[in-house]
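Since chain A is already given, all that's left is putting chains B and C on it; use the hints.
Chains as they are written, first to last, in the numbering used here: chain A, 1 to 453; chain B, 1001 to 1294; chain C, 2001 to 2275.
What the hints contain is simulated information worked out from the structure, not anything from laboratory work.
Note that the coordinates shown come from a computational prediction; the quantities given were computed from them, not determined experimentally.
For every residue, glycine included, the Cβ atom is placed at its ideal position computed from N, Cα and C.
One should not assume that every hint holds.
Taking lysine-lysine and the PhoX-like style, the derived pairs with C-alpha atoms no more than 25 angstroms apart in a straight line are [what the hints assert, rightly or not]:
| # | chain 1 | residue 1 | chain 2 | residue 2 |
| --- | --- | --- | --- | --- |
| 1 | B | Lys1287 | C | Lys2174 |
| 2 | B | Lys1287 | C | Lys2091 |
| 3 | C | Lys2174 | C | Lys2091 |
Computed beta-carbon distance windows for the label pairs [what the hints assert, rightly or not]:
| # | chain 1 | residue 1 | chain 2 | residue 2 | range |
| --- | --- | --- | --- | --- | --- |
| 4 | A | Gly205 | B | Lys1104 | 47 to 53 angstroms |
| 5 | C | Lys2046 | B | Thr1041 | 55 to 61 angstroms |
| 6 | A | Tyr126 | C | Met2038 | 51 to 57 angstroms |
Below, each chain spelled out in residue letters.
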Amino acid sequence: MLTIKRGGKMKRFLILMMMVLLTFSVFTEGQQEEEKPIIFAIVNDYPAAKVHDADFEGWLYADRIVAPFTEATGIEVTIRKYTDATDNTAKSLDMDLASGDSSDVILSYGGRVNKFANADFGVNLYEALPQEFIDQFAPSALKQFERNGELFTLPMPGWATCMMVNVDLFEEAGVTDILPADDDPDRSWTIAEFDRAVKAVTALGDEYYGYYLIAKECGGDYWIMNMLGGFGAKLYEDGKVALNCPAGIEGMEYIHYLHENGYVPYGASGLFDGDMASLYFTGKLGTRGYVPMGADAGEISFKDGKNDKPFKSILMEYPHIEGVVDGVPPCYGPDATMVIDNGDPVRLAKALKFIEWLAGADSQSVIAKSFAKFSPLTTVITEREPGPIGTAKAQMAQIIKGRGIYDMGVGFPVYNELRQIWLAVFQGMLTNAITPKEAVEEFERRGNKLLSE
Amino acid sequence: MAINFFQSKKTKDYIIGLALIAPALVIFILFTAIPTIQGITLAFFKANARVSRYVGFKNFIYLINDDIFWKAMWNTIKYVGFSVPIMVSLPFYVALIAHDMPKKIQSFIRFAFYVPLISAGMIISIVWNWIFSPQYGLLNYIIGLIGLGPIVWTGTIPAAFFSVCIVLITSSMGLNLILYMSGLSSIDRQLYDAAELDGCDNKQKAIYITVPLMLPIIAFVTITQTIGVMMIWQIIYVLTSGGPYFATVSLVYQIYIRAFQSSKYGLAAAESIIVLIIVLTLALIQKKVLVDRE
Amino acid sequence: MIKTINRITIILLSLLLLFPVIWMITGSFKSVLGAVAMPPTLIPRKPTLENYAILLEYPVFRWAVNSFIVSGFGAFGATVFSILSGYAFAKKKIPYKEIIFVMLLASIMVPMQSKMIPLFLMIKTMGLVDTLPGMIIPGLTSPVYIFFFRQFLKSFPDDLLDSAEIDGAGEFTKIIHVVVPLSMAPAAAMFIIGFIGGWNALMWQLIIARSEEIYTLPVGIIKLIQSFDIFYKAGIEHYGLKNACATFAFAPPLIVFIIFQKHFMKNIFSGATKE
Chain A
1 MLTIKRGGKM KRFLILMMMV LLTFSVFTEG QQEEEKPIIF AIVNDYPAAK VHDADFEGWL
61 YADRIVAPFT EATGIEVTIR KYTDATDNTA KSLDMDLASG DSSDVILSYG GRVNKFANAD
121 FGVNLYEALP QEFIDQFAPS ALKQFERNGE LFTLPMPGWA TCMMVNVDLF EEAGVTDILP
181 ADDDPDRSWT IAEFDRAVKA VTALGDEYYG YYLIAKECGG DYWIMNMLGG FGAKLYEDGK
241 VALNCPAGIE GMEYIHYLHE NGYVPYGASG LFDGDMASLY FTGKLGTRGY VPMGADAGEI
301 SFKDGKNDKP FKSILMEYPH IEGVVDGVPP CYGPDATMVI DNGDPVRLAK ALKFIEWLAG
361 ADSQSVIAKS FAKFSPLTTV ITEREPGPIG TAKAQMAQII KGRGIYDMGV GFPVYNELRQ
421 IWLAVFQGML TNAITPKEAV EEFERRGNKL LSE
Chain B
1001 MAINFFQSKK TKDYIIGLAL IAPALVIFIL FTAIPTIQGI TLAFFKANAR VSRYVGFKNF
1061 IYLINDDIFW KAMWNTIKYV GFSVPIMVSL PFYVALIAHD MPKKIQSFIR FAFYVPLISA
1121 GMIISIVWNW IFSPQYGLLN YIIGLIGLGP IVWTGTIPAA FFSVCIVLIT SSMGLNLILY
1181 MSGLSSIDRQ LYDAAELDGC DNKQKAIYIT VPLMLPIIAF VTITQTIGVM MIWQIIYVLT
1241 SGGPYFATVS LVYQIYIRAF QSSKYGLAAA ESIIVLIIVL TLALIQKKVL VDRE
Chain C
2001 MIKTINRITI ILLSLLLLFP VIWMITGSFK SVLGAVAMPP TLIPRKPTLE NYAILLEYPV
2061 FRWAVNSFIV SGFGAFGATV FSILSGYAFA KKKIPYKEII FVMLLASIMV PMQSKMIPLF
2121 LMIKTMGLVD TLPGMIIPGL TSPVYIFFFR QFLKSFPDDL LDSAEIDGAG EFTKIIHVVV
2181 PLSMAPAAAM FIIGFIGGWN ALMWQLIIAR SEEIYTLPVG IIKLIQSFDI FYKAGIEHYG
2241 LKNACATFAF APPLIVFIIF QKHFMKNIFS GATKE
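Next comes chain A alone, as it looks inside the complex:
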């Protein structure tokens, strides 16, 4: 990097030192190659470990996944944690890759890993991994990440979206006939039924709303996209924006209609996901989009002095248009893992072995259970735990099994830019700067431009 130019003696000394170092490294190089463990980089949010348990990730990744692997194959793996995973950037990972200090296998949310999912960094896993292994994955999950027939990343357990319904409010509004019985596995309903319920709940009073909308930041766009899915519209197909069709426009117009007529709380463009949760858990919201991830599914509420009675919540699919589609595949936000090709075939081979283990059924079961996520492997069954949590998760797993997943573009390398465009045109529609039809057209135009670069 820096060249220090000095005269005569210094120069000769430096050259001598370099030669010594060079010879030294030549002799030790062979040994170092064998012993260097492959690096497994995990990019996550910072305090995840503390919140779940002390050194949760140490327990999970080190003990339950890496240790058995090393025992079985003799390959050493070092875990490297990056904790600046906010807003789908992975700056530290980028920096390390740029400086040549590269990991061999990375695991993070799909929206972060997709940046590296190309021939510059990885290898085509369709060719590098055995076919039986690839066949374990649900096809729709793989399709999210496939590009031009090549696959660089493997989906790992992720979250999936559904709706939560406040049964007590539905009772008050007199629309419980819409809801399925508790043990009925069919959690689907039609847009017409949904519409009726939303209007009835909103009519209960000034502070009640049937549904909600959020559009303050990119996070939460999946709730809206799932709604569009209910109209039968796909966001993306074959690497292009597919929203500009009658179904897509109808869906956007319906959402716009809900917003214009006060069936959703005021100020969607300024509200966070968490604000909606506040409204729901204080018993003011009839339905909300939901991700069954944790200890809050089922009968819960917050005591705020006014609503001390916990209300009953049940899980439902997003509503679908009758006669057009059968049901709505949930939006699915998987983690993803990939190998980084560092130009060393020995390391690459080890990394491929590890990724087969990491993305295999055993590891995915452990991860899915620990994080309450849903695995893209058809061979992994989400265990049913007792209580409302278990019920919700099992129902969600059924839905995914039956419907597949809704592609929200996580696999695209320009996913984050697409989301920014989506947010922009959606806000434009909400503020009436553009009509729903124009919003769809603009999203298609800008999206396709980005996708074709």
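Same frame as chain A, now just chains B and C:
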């Protein structure tokens, strides 16, 4: 001859001068100049974290054809045009009025103005998000009391721009006020007394004595604030995410998204060069107008 | 009459500026539901310390100490170098002085994103990633301060320097005994401003600080705020906790500023530059 050279005063001055700026210069070259140049040259490449391919001016052509780029440019100019005059003149007005108020009150005013600067832009914006919240925010509650309807401060097109400006202005004026107050206190009172004898009123005193004497500070403040506002992005990132409908995107916000969310470092570098050119031009114009009058 | 209106106006303005900060501090004592209760009140109805309890589970004091070290050394170094450089630019003749100066200023006109990766690579080859010096060193040259001191020292009376020289003072002595003491006031001001500025240099610190023990306070706080797990327990937006984080990030430099105001401001603003 060599001995004469080393002993001449001029050379001695040179060497001492160089020695004085040496530490700062070395750090500057190592940690600012070289990385900046390296970063900027990426503008002619298509670069992700690992691989760079030379593409000539393609990045610039892409930017010129991108209507959002022009929107960001226009927004940034709007930010500068709206905020900088306020950030330069409001503290000046306050400094003038506070000048002959009791010391304790001066301290209080200085404190009040500087406090918003103490947190990082991102962190104070998080608090403002709460204040601006359409459902749970203080602002909507207050204007509700007066009878005005609720406003989505960060989610409606004219309001979003002003929300960003409010946060920007309130969190940047403190330093200017301190500089102005310090400058004002070092102006000789006798000048004012003499002017009063000549029959000047307060306004004339301000215009003909205060402003010219304070010009160096005003120049410093104007130039640094312009540069600062041109670089705005953290507030936008937290407050509006560039929305609604691209109404608040700024150039550097775009650079951040391109660089770190999409790994398009070449494009980000190209946009950085454009920002550099604009800021340099603005600064040079301001220098000509404000500084070279001395 | 107008004078009184003006005076009242600026006091109102000051209160208005303080208000979001006060709102933030009182908001940090609000519970999850208290923060979203309507109508909002300045004083929480049921004040609680639970937000700070959550915060204290993390090594926030360690982070604060790191911040003090980074900001302190950074501001001190920046001030020292800036005085020397400002003096040189103002008083000494250096070849290519104007060009160097313009380059210095131009460097702050480039958005920092473009130089982050090359700078990181440089720091990495020096082995300073994830260390405190790694965060301090790049900030030691601040073109803005050099600009400021140049302006300030331009009007520094030459006769003082000349008379010192006649008395036999070398360059070194001149600086230490003449320039520095008389620049104490703006130097102290620049130090405190640099301290607070360095405290908030989030972006760079985010990239360099990798392990928990090296985080500076704003870095740790931002990571906490943006973390899914803390704020999405049951999914509710926890404004109270966010406020507590913000208050905590903001408290140390605030305290330093208050102390500074008490002791130094008196001297700076009593016309100390009049000689």
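Hint check for threonine 1041 (chain B) and lysine 2046 (chain C) - Cβ pair distance inside 55 to 61 angstroms: Between lysine 2046 (chain C) and threonine 1041 (chain B), where Cβ atoms are some 58 angstroms apart, the hint holds.
Starting from lysine 1287 (chain B), check that the Cα of lysine 2174 (chain C) is at most 25 angstroms away, please. violated, 31 angstroms
Are lysine 2174 (chain C) and lysine 2091 (chain C) close enough, with their CA atoms no more than 25 angstroms apart? Distance of about 12 angstroms is within 25 angstroms: holds.
Has the hinted range 47 to 53 angstroms been met by the Cβ atoms of glycine 205 (chain A) and lysine 1104 (chain B)? holds, 52 angstroms
Does lysine 2091 (chain C) sit within 25 angstroms of lysine 1287 (chain B), going by the straight-line distance between their CA atoms? Given pair lysine 1287 (chain B), lysine 2091 (chain C) holds - Cα atoms ~20 angstroms apart, limit 25 angstroms.
Could you say whether the range 51 to 57 angstroms given as a hint is met by the Cβ separation of tyrosine 126 (chain A) and methionine 2038 (chain C)? Since the Cβ atoms of tyrosine 126 (chain A) and methionine 2038 (chain C) sit about 55 angstroms apart, the hinted range of 51 to 57 angstroms holds.
Going through the hint list in order, the structure does not satisfy hint 1, though it satisfies all others.
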